[in-house]
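Chains as they are written, first to last, in our numbering: chain H, 1 to 302; chain F, 303 to 604.
Hints listed in this document are in silico derivations from the structure and should not be mistaken for laboratory results. Even glycine gets a Cβ: it sits at the ideal position worked out from N, Cα and C. Zero decoy hints are in this set.
Partial pick of chain H residues on the chain F-facing surface, computed with a CB cut under 7 Å:
1) PRO181
2) GLU224
3) ALA253
4) LEU302
There are 2 protein chains.
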Amino acid sequence: MGLLVVGSIAFDSVKTPFGHAEDVLGGSATYFSTAASYFTDVSLVAVVGEDFPEQHLQFLRSRNIDLTGLERAPGKTFRWKGEYTYELNEAHTLDTQLNVFQTFRPRLAEKQKKSQVVFLANIDPDLQREVLSQVEKPALVACDTMNFWIGGKRDALVRTLGLVDILIINDGEARELAGEPNLVRAASKIRSFGPRTLIIKRGEYGALLFGKDSVFSAPAYPLESVFDPTGAGDSFAGGFMGYLANTMNFEDANIRRAIIFGSVMASFNVEDFSLNRLRTLEYREIENRYREFRRLTHFDDL
Amino acid sequence: MGLLVVGSIAFDSVKTPFGHAEDVLGGSATYFSTAASYFTDVSLVAVVGEDFPEQHLQFLRSRNIDLTGLERAPGKTFRWKGEYTYELNEAHTLDTQLNVFQTFRPRLAEKQKKSQVVFLANIDPDLQREVLSQVEKPALVACDTMNFWIGGKRDALVRTLGLVDILIINDGEARELAGEPNLVRAASKIRSFGPRTLIIKRGEYGALLFGKDSVFSAPAYPLESVFDPTGAGDSFAGGFMGYLANTMNFEDANIRRAIIFGSVMASFNVEDFSLNRLRTLEYREIENRYREFRRLTHFDDL
Numbered sequence: 001m002g003l004l005v006v007g008s009i010a011f012d013s014v015k016t017p018f019g020h021a022e023d024v025l026g027g028s029a030t031y032f033s034t035a036a037s038y039f040t041d042v043s044l045v046a047v048v049g050e051d052f053p054e055q056h057l058q059f060l061r062s063r064n065i066d067l068t069g070l071e072r073a074p075g076k077t078f079r080w081k082g083e084y085t086y087e088l089n090e091a092h093t094l095d096t097q098l099n100v101f102q103t104f105r106p107r108l109a110e111k112q113k114k115s116q117v118v119f120l121a122n123i124d125p126d127l128q129r130e131v132l133s134q135v136e137k138p139a140l141v142a143c144d145t146m147n148f149w150i151g152g153k154r155d156a157l158v159r160t161l162g163l164v165d166i167l168i169i170n171d172g173e174a175r176e177l178a179g180e181p182n183l184v185r186a187a188s189k190i191r192s193f194g195p196r197t198l199i200i201k202r203g204e205y206g207a208l209l210f211g212k213d214s215v216f217s218a219p220a221y222p223l224e225s226v227f228d229p230t231g232a233g234d235s236f237a238g239g240f241m242g243y244l245a246n247t248m249n250f251e252d253a254n255i256r257r258a259i260i261f262g263s264v265m266a267s268f269n270v271e272d273f274s275l276n277r278l279r280t281l282e283y284r285e286i287e288n289r290y291r292e293f294r295r296l297t298h299f300d301d302l
Numbered sequence: 303m304g305l306l307v308v309g310s311i312a313f314d315s316v317k318t319p320f321g322h323a324e325d326v327l328g329g330s331a332t333y334f335s336t337a338a339s340y341f342t343d344v345s346l347v348a349v350v351g352e353d354f355p356e357q358h359l360q361f362l363r364s365r366n367i368d369l370t371g372l373e374r375a376p377g378k379t380f381r382w383k384g385e386y387t388y389e390l391n392e393a394h395t396l397d398t399q400l401n402v403f404q405t406f407r408p409r410l411a412e413k414q415k416k417s418q419v420v421f422l423a424n425i426d427p428d429l430q431r432e433v434l435s436q437v438e439k440p441a442l443v444a445c446d447t448m449n450f451w452i453g454g455k456r457d458a459l460v461r462t463l464g465l466v467d468i469l470i471i472n473d474g475e476a477r478e479l480a481g482e483p484n485l486v487r488a489a490s491k492i493r494s495f496g497p498r499t500l501i502i503k504r505g506e507y508g509a510l511l512f513g514k515d516s517v518f519s520a521p522a523y524p525l526e527s528v529f530d531p532t533g534a535g536d537s538f539a540g541g542f543m544g545y546l547a548n549t550m551n552f553e554d555a556n557i558r559r560a561i562i563f564g565s566v567m568a569s570f571n572v573e574d575f576s577l578n579r580l581r582t583l584e585y586r587e588i589e590n591r592y593r594e595f596r597r598l599t600h601f602d603d604l
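Take the sequences, apply the hints, and build the full model.
Quick look at the structure:
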């Protein structure tokens, strides 16, 4: 049954203070499913254009990702162009070409409708609901979103939030969605929209979890070299949801572990452009870094 | 012999999005020694003017702080005026009047020269060394500094750093001091100047410790209401050094605990203007919040 993700597959052009990459493999569903594939079976719902090369499909298949739901449409693949300054937490979008994504109407295969765990990556909230309505009886649903939808399709987004268990967004988005600068108050307000669990990503500062009776603060892994933050949030979500789909335990202690696995995947992903670091990553390295997160945060009881 | 601190005592005028306070008790030595007084005996070296009221001295004495080294000089007490926007991490200084601080030449009492643990709060690095040279055989020396000295008296500051065990500064200052945007690399460079331990404060994002073989990430406590960040860094240092002076154990595990106690003190301090929250704080509350830091950061081993 595994984990279902709907999101984008893209060609990214990225410039950072440490280099640049042109038309490399990117997109929320790509990062998410690759990161999640270390933990569980992933099935992907997305669209690419006629220009999308076979080698990228082969890579996704090599990660055991089910591409039944990948549509190839006439036209060009979604393209994103962005830049980062030394403030690596914030991407500056230079160009977005929706291309085949503009008319994408996802239809789930029969097998996908039985999915138990669903991740709605950052796409139009109406599309997120369209996908979710096709899943028969999901046990856990999480979603991401961004400023573009918070400002432009707020009502549709709030309807989506009423249907999800977990929302994963960054701190600026949380403040904007709640209309409240204090994150603790913003979290209460956002949870009142529906998600019983809110995860706020803070880039190089880690992530905060707000649950019913639980607040958890996870650090980011202090890296000597962050080459390209693109896909960090989606790799985080992939590690997080992949671990939850694998264990099917949604209690607080396991959600905390999942957040650390998410943080581990994000920390590897930013070490190189595109998905390059994840192409060579081994599970043994993931476990080792999880242990390093323990050493990074441990202090003794009173 | 307890903990010796040299620093400022001030009248602060502060504006935040949540209110304002005029000519209230402030200064690095004031916040530091009050926070530290919950853990150990503190002896203070500072100067005030003729306008400094008896009630403030009474408060410090009520915290059992030794005021032998407090000089009362002709003229006015140091004054600072600042403002915070919703970006509570950064103070905007509107006015600084050094007043009696301008000609301050600290002379330690005989008893103070025997101090084992010394904190050199954020003052002129030449003054920091002048104080330190009077301490006979300190077991642990820590200091703070700021952009003003990093830019204006770099050579003097580097000489001071060669004499201290622990440096406590914020992230912007660390980047400026090292000339390096990445904090991990900046930490290595700063540690090569002398301090074997570097603590980088990141305001609402907590603190990072860089030691010989150890990196530790401590969160900040997620608060619903941050009223006034003034003195957060000095309260942090006070809790941190106070705990170390009390235990006289400078091993990694104990330094981590001390960082949490520092974070606890900072989290209380920002809940009200000036030192108001610390005026009513009880040790039992400190221990409870330490336990909350445990719950906030705990996740299970693999």
